[in-house]
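**Q** These are the residues of each chain, in order.
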Amino acid sequence: MITANTNRAPALAVEGLCVEFRTRSGIVRALDNVSFSAGKGETVALVGESGSGKSVTAYAVMGILDPAGRVTAGRAVLGGLDLLSAKPSQLAEVRGRDIAMIFQNPRTALNPIRPVGKQIADVLIRHGNVPRREAPAQAVEMLRAVGITDPARRAKAYPFEMSGGMCQRVMIAIALAAKPSVLIADEPTTGLDVTTQAVIMDLVNDLAAKMGMATIFITHDLALAGQRAARIVVMHAGHVVENAPTTELFSYPRHPYTGELIAATPDSAASLDELASIPGTLPDLRRADLPPCRYSERCPRKTDACSQPLPLAPPGATHFVACWNPLPAPTLGAPVLVASAENVA
Amino acid sequence: MTALLDVAEFSKLFPVTGTSSSWQRLRQRFQGGPEKLSKVHAVDNVSFVIEKGETVGLVGESGCGKSTLVRALTRLIDASDGSVKLGDRELTLTPAHEFARDPDRARIQMVFQDAGESVNPRFTAFDAIADPLRRLRHLKGKALRERVESVAGQCGLPLQLLTRFPHQLSGGQRARVGIARAIAVEPDLLVLDEPTAALDVSVQVVILQLLQRLKKEFGMSYLFVSHDLSVVKLLCDRVLVMYLGKIVEAGPAVEVFEHPLHPYTQALVAAVPRLHEDGAERLRLTGEPRSPIDPDPHVCRFYGRCPRGIHDCTAAMPDLRRFGARQVACHFAEEFLPPAPAKA
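Quick mapping for you: the protein sequence lines, in order, are chains A and B.
Per the numbering used here, the very first residue in the first sequence carries number 1; after that it's consecutive.
Per the numbering used here, the very first residue in the second sequence carries number 1; after that it's consecutive.
Honestly, the hints are just simulated from the structure, not real lab data.
Just so you know, even glycine gets a beta-carbon here, dropped at the ideal spot from N, CA and C.
Among the hints, a few may not be true.
[What the hints assert, rightly or not] Label-pair ranges, simulated between beta-carbon atoms: (1) B:167 x A:144: 43 to 49 Å; (2) B:146 x A:311: 52 to 58 Å; (3) B:160 x A:325: 31 to 37 Å.
[Stated by the list, open to error] Partial chain A-side listing against chain B, Cβ under 8 Å, derived: (4) 199; (5) 202; (6) 223; (7) 265; (8) 271; (9) 272; (10) 277.
Based on the provided sequences and hints, a complete structural model is requested.
**A** In structure tokens form, the structure reads like this:
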């Protein structure tokens, strides 16, 4: 397991990111004051249900938001450069070389009418300082590195000729071709079988560790995040509600939403009746009267304090919770496990 | 217990087209000689029983034949070989296109994977649920309305949502419409093809609990297809594990997942991420599955990816052997049997 970030400068630091989408029916405040960071060689997971803003965060950082989306505040610092205020020409140099992304559906993200070897060679030539003549051979080596058997033959294949797992390996090869310092993996194994998922995640983890890459791993699967990341950032309706080291988060979730999310994960229960659902739905992010805590309308622990602006993360805190009435912190020596009656209620 | 559905030596093969060009096929026809068509062995000699009131899970990776098996059992496609008996009725004798008007059609119903895709987008929720009642029960007017409303109520679908179209409903509400449509005609067997795959965990819990409650209320049997082993473990009494068209392991769900006997099941269980990692060794599958096109009948389907695979595995296909309540198709099953010996 990769150890948590120490005092080094983070490879990627996102600070106070706010994103809005202008739609016909009003402005959607998709992200509000999202902050987190990932150190060199560290894997950080962004976890949340659909609509929580995980992918929007990744897209905003990569500068590939939908034209209707707009970053209204915040910074995303990568090696001294703020990606959010960088010029398109600067971004084009950084993307692919210093920060790369693995997309959710490899089959639609790859170019369907170009052999996969050439797609890898394109990145090598553009970002990897590889001479045009040597690129095809290096592309084959990349395919070998991501565990594709018979890479010389496979390099000539088109995406439709490969299985989902193979396509995802090609995506990883493209993302890692220029040895970036930050990798964003947006649900890299959704739609793959569990056996393939395990192999692909091993591959991402191993290569990230070998290259000392920071990985932002986006998933809706809390158990998978726990297995793969040293730190978990839980998102709900565009807010970061909790940010903590993995073991701490699972043993002592502090935010009520985190507690309920853990209690709803099938793996946590011995029978169906023990699983708890989360009451209510995400608030409509177009509303003008959104409460400061976007979870407060679903929250069983709501108090009067919840109408004030959310608490800010104190500098240097390792466990941040955006809540005025969090679940109790552990008392020393009492190894309380998840899904207690309290956070199910 | 009485068997509700008895599947025996069931196979489904698909001919492979396009392996040779039409010009080559034409030349072959003129030059004579038998035209040999390759076949995909999607489901190969599968036998199992679903008892009344039982929930059977069907797991396996994509391409293993789960969906083909399910579509054949629900009589949407015809079988190539074997028998499927619903009670005393042999279903394979009726072609799929005639079965749509058969009185027994109502006894097997299906909940499809993505309710957003499988409900007619131009039908309101009411019409979607009413459709099978109109066709199979010939209900009309007030009786139809009452039945639809009572089923919607049982599935926790608020009545004011019945006038909405699928795109106006949330994922969980759509899943409820899909379930209500399937149980409206009171089937004996409900086939669920990954009903919660598209849902968030918080919604998934509610739908799973709904399914469990409906089963108790109506005494239905479930065939639950899923790739999520933790869900199968919670919901199912028994589980069938499929690999490349064959059942490789079957048995009580808890036993299979706690002491998997087949190497494939072991890899499957090891691959499931857990909230609290117990430090179990990571068993990983390498390589790709073998081709399902004209497979060698003497080679174990799992050979090549199997961590155990030895020469014997290419000499004889392991049969599905019985160990107490469990069945395994592996030459080495004995080695993994739990210490308390199961009665053979």
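**Q** Give a verdict on every hint.
**A** Hint-by-hint comparison with the structure:
no. : hint                      : result
1   : B:167 x A:144: 43 to 49 Å : holds, 46 Å
2   : B:146 x A:311: 52 to 58 Å : holds, 53 Å
3   : B:160 x A:325: 31 to 37 Å : holds, 34 Å
4   : 199                       : holds, 6 Å
5   : 202                       : holds, 7 Å
6   : 223                       : holds, 4 Å
7   : 265                       : holds, 6 Å
8   : 271                       : holds, 6 Å
9   : 272                       : holds, 5 Å
10  : 277                       : holds, 4 Å
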